[in-house]
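Visitor: The lines below spell out each chain.
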Amino acid sequence: MAWEIVVGIETHTQLLTRSKMFSGAPNAFGAAPNMQASAVDIALPGTLPVANRAAIEHAIRFGLAVKGKISPRSVFARKNYFYPDLPKGYQISQYEIPIVQGGTVHFFSDKAEKSIRLTRAHLEEDAGKSLHENFKDMTGIDLNRAGTPLLEIVTEPELRGAKEAVAYARALHALVVWIGICDGNMQEGSFRCDANVSVRKTGDEKLGTRCEIKNLNSFRFMEQAIEYEARRQIEILEDGGSIQQQTRLYDPDRDETRSMRSKEDAQDYRYFPDPDLLPLVISEKDIDRIQSEMPELPSSRFKRYTDQLLLATSTASVLTSDKGLSDYFDRATESASTEIIRQTANWIAVSTNAKLNERGISIQQIPVPALQLRQLVERIVDGTISGKIAKEVDDAMWSGEGTPDAIIEKRGLKQISDSGAIEEIVDEVLAANGKQVEDYRAGKEKAFNSLVGQVMKRTQGKANPAQVNEVLRRKLAR
Amino acid sequence: MLNSTLSELSAALAAKKVSSVELTRLFLDRIKGLNGRLNAFITVDEEHSVAQARVADQRRFRDQAGPLTGIPIAHKDIFCTRGLRTTCGSRMLAGYTSPYDAHVIERFAAAGAVQLGKTNMDEFAMGSSNETSHFGPVRNPWDTTRVPGGSSGGSATAVAARMAPAATGTDTGGSIRQPAALTGICGLKPTYGLVSRYGMIAFASSLDQGGPLAKSAADLALLMNAMAGFDARDSTSVERPAEDYARELNMNLTGLRIGLPKEFFAEGVDPEVLARVREAIRWFESQGAKTVEITLPNTGLALPVYYVIAPAEASSNLSRFDGVRYGHRAKDYTDLNSMYRRTRAEGFGAEVKRRILIGTYVLSHGYYDAYYLKAQKVRRLIARDFADAYARCDLILGPTSPSTAFPLGAKSDDPVQMYLNDIFTIPAPLAGLPGLSIPCGFDSKGLPVGLQIMGNYFAEAKMLGAAHRYQQATDWHLRVPRETAL
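First to last, the protein sequences are chains R and V. Anchor point for the first sequence: position 270 equals 270 in our numbering, and the numbering is continuous, going up by one each time. Anchor point for the second sequence: position 88 equals 88 in our numbering, and the numbering is continuous, going up by one each time.
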């Protein structure tokens, strides 16, 4: 029997603001416990919330980026429940009218362009943290995170399988970082996903009973968790059982999901409009201003790269996964020729990207200025160095040895394109390798490669490979 | 001195006839003498008050004094004060001291006023008799077997018994006006948003409003000048230019249109109360004011609507009192839930629990639409009733409370009877409108009767003007209870 896996993703995106959602306390990670919690964050008696304008503008930015509807009037609501790291006994969120309604996120999965509809995105505040380690028979409470602005982004249940869900999450991650509303740091919890997973027989219209998986703090765990959960559900159904609606926790150490609570224990959050906050009214004027300040979006750059610059979709997709990378590419290729654009794109998508990942640094920290990379590509295109030598030059550039031209000069890496010099070396090689010459003439193509290798060895790789090929063939043909 | 108005005290201080330290000591002595009987204050710290008085005297010496500099003022124990504990009348906060001052406290500090102490109140401002306080009931100085009204009963009694020249209070459904009426003093509940709620412990956020209690309408105006003002820390604070609330004290009453809602003069109101109120209205007519009969047809729904909305908000507002970070925490508990349960069972009194339960119920899944949402709709109808009425009149007059002060314990076992005492004070806050109460005579038992003057949004100056003109012609507001004679 064929099963279809249906996934919806809810993402808590911590917004990049100076202060918290409803208080003036600094919004930064890593301070000593409770040092960044103000009277409002601790919910001292008499304190009141004031909505953070920067967080609201970030939400509008997101709404514009996904072409959702920005609600002209949205309402903050209280979600009531007791928990020690929830100081007020309620979380200020948005319930009936969220700030962003609808919208679409475009992404690539299995090299195909896909899109997913968003249900909504709403503003809310984060809770604090309960610390169970280091406190025997007690729980420590750290309220530094309490009140951190969050944008909760909810998709329709329209993703098919773990790979597609992860591809969406990666694209969303890239987008929120791209538009500058989130730092994207998943280790610090800046971008946290929950997955709603259900399965149904292929062709069924009706959605199966879903389970919500929490604690997916990396893309890898997300993929594993969804796969495990779908398998679990399919096994139950194939054994004739039925799925209980549950909230489940993913345990990466054991690669399994475990039940946290079932629907029967679901709390009644008693949502109601927060009387301490007026409805959030957003004018057309505000939206227009924010729209005018929006950067070019990844989807539009992707289109420009593939349609105008004729880059391969895979290359364009890597370049537009990170605004810094894309900006770097744009700077390196400003009014460049088609060939330089193509080769620079490939270089950044493959070599630069790999080096960044290897060293675990962001494009902002790259030691190679964009215009120097361009110079390197120019030297390949104009035949000064070969692609292989270029790798050596690139390594030297990453080690801070200077510009490509300086490195080529200093290390004497200039390609030998002097046909007289090459002919001379070829003659020497042919004279010294009688056996290979015979083998080649007897039809062994391998022998030709060996001869090329000999020439390159004698020139320390600097001979122009195309020229070496051409001269060798000509001389051997005689 | 004890019976002087604020402007008289201000003049005496300015003329250096008395120092703030002397004045403060005078009232502190008065408190010492009477508080055992009346229980109006929860916290008094003589050193703290005298130290502030000294600072005020220095300020006057440097010629930097304003009208309230050096004047001792009592604060309802719902306003957070750094120097004095803030209990909100509850065991939950019996040992709580706020690390910050409420906006209202900051404003009075900026004006140079002296904190005289923190006054008793119904627990978390939930009550109409001041009997729900963890610190014991407040007694009415006109008859100590009777209640002073609530929830600002301590502030009202402090002013009535001349233990303080003026006091702050808060009004959610009548908590300033009703105790003012029952103790024969003046109290103003301003338009919602005029006085910042920052640092005022929340009962029902959409209704709570701080305001002054004093002997005269002119004093209320002086206090409002200090209390009111925009505060960015309260999102519901109204941003508008500063105004002088005393600017219409000498208003001309000729042609003033006074609306008399027929629902306020109906059966169920003590005939003696109605008689006194009618006498006051006749005085206004004698000054050239015109009366208009009006109707506020949804008055009867105000009480049930209030008892859905206020408990709903309260149930959520009081969730923060969980024993985790501050306030009372039960000694013995086995796990998190037992800590919550025992802490809240021990920390809250019966009336607070009752309202948390009602509020939790009306917000519950499946009941929200029928109760909370419906109540919000009726609330809009009530606001519309007032809008229609104020198209036909400038001010609305009527009784503040349907009866005079009732005996302690008389209604404690019957919450509905207790709630009915607020029937005339509840409609205005539901619409966010201002209202004030001034004394207009006594019943046959010698208990004061309150006249309620309501006005349109931001009509405080006009309301105070009308009240002041009445007080220029009467002396009800200057009468001192015999039991606490000077």
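Read the hints as simulated data drawn from the structure, not as lab findings. Where a beta carbon is used, it is the ideal one built from N, C-alpha and C, also for glycine. Don't take every hint at face value.
[To be verified] Here are the simulated distance ranges between beta carbons:
| no. | chain 1 | residue 1 | chain 2 | residue 2 | range |
| --- | --- | --- | --- | --- | --- |
| 1 | V | Ala14 | R | Asp286 | 47 to 57 Å |
| 2 | V | Arg240 | R | Asp286 | 21 to 31 Å |
| 3 | R | Ala266 | V | Thr291 | 53 to 63 Å |
[Unchecked claim] Under 7 Å between C-beta atoms, here's a sample of chain R residues computed to sit facing chain V:
| no. | residue |
| --- | --- |
| 4 | Ala39 |
| 5 | Ile42 |
| 6 | Pro45 |
| 7 | Leu48 |
| 8 | Arg78 |
| 9 | Lys79 |
| 10 | Phe82 |
| 11 | Pro84 |
| 12 | Tyr90 |
| 13 | Arg270 |
| 14 | Leu278 |
| 15 | Glu438 |
| 16 | Asp439 |
[Claimed, not checked] Dumping the calculated EDC-like pairs for lysine to aspartate or glutamate here, alpha-carbon to alpha-carbon at most 20 Å:
| no. | chain 1 | residue 1 | chain 2 | residue 2 |
| --- | --- | --- | --- | --- |
| 17 | R | Lys79 | V | Asp369 |
| 18 | V | Lys353 | R | Glu238 |
| 19 | V | Lys377 | R | Glu96 |
| 20 | V | Lys331 | R | Glu438 |
| 21 | R | Lys129 | V | Asp335 |
| 22 | R | Lys201 | R | Glu238 |
Visitor: Give a verdict on every hint.
Guide: Status of the hints after comparison with the structure:
| no. | hint | in the structure |
| --- | --- | --- |
| 1 | Ala14/V <-> Asp286/R: 47 to 57 Å | 50 Å, holds |
| 2 | Arg240/V <-> Asp286/R: 21 to 31 Å | 23 Å, holds |
| 3 | Ala266/R <-> Thr291/V: 53 to 63 Å | 58 Å, holds |
| 4 | Ala39 | 6 Å, holds |
| 5 | Ile42 | 6 Å, holds |
| 6 | Pro45 | 5 Å, holds |
| 7 | Leu48 | 5 Å, holds |
| 8 | Arg78 | 5 Å, holds |
| 9 | Lys79 | 10 Å, violated |
| 10 | Phe82 | 6 Å, holds |
| 11 | Pro84 | 5 Å, holds |
| 12 | Tyr90 | 5 Å, holds |
| 13 | Arg270 | 4 Å, holds |
| 14 | Leu278 | 6 Å, holds |
| 15 | Glu438 | 87 Å, violated |
| 16 | Asp439 | 82 Å, violated |
| 17 | Lys79/R <-> Asp369/V | 16 Å, holds |
| 18 | Lys353/V <-> Glu238/R | 51 Å, violated |
| 19 | Lys377/V <-> Glu96/R | 17 Å, holds |
| 20 | Lys331/V <-> Glu438/R | 98 Å, violated |
| 21 | Lys129/R <-> Asp335/V | 18 Å, holds |
| 22 | Lys201/R <-> Glu238/R | 11 Å, holds |
When each numbered hint is compared with the structure, violations occur for hints 9, 15, 16, 18, 20.
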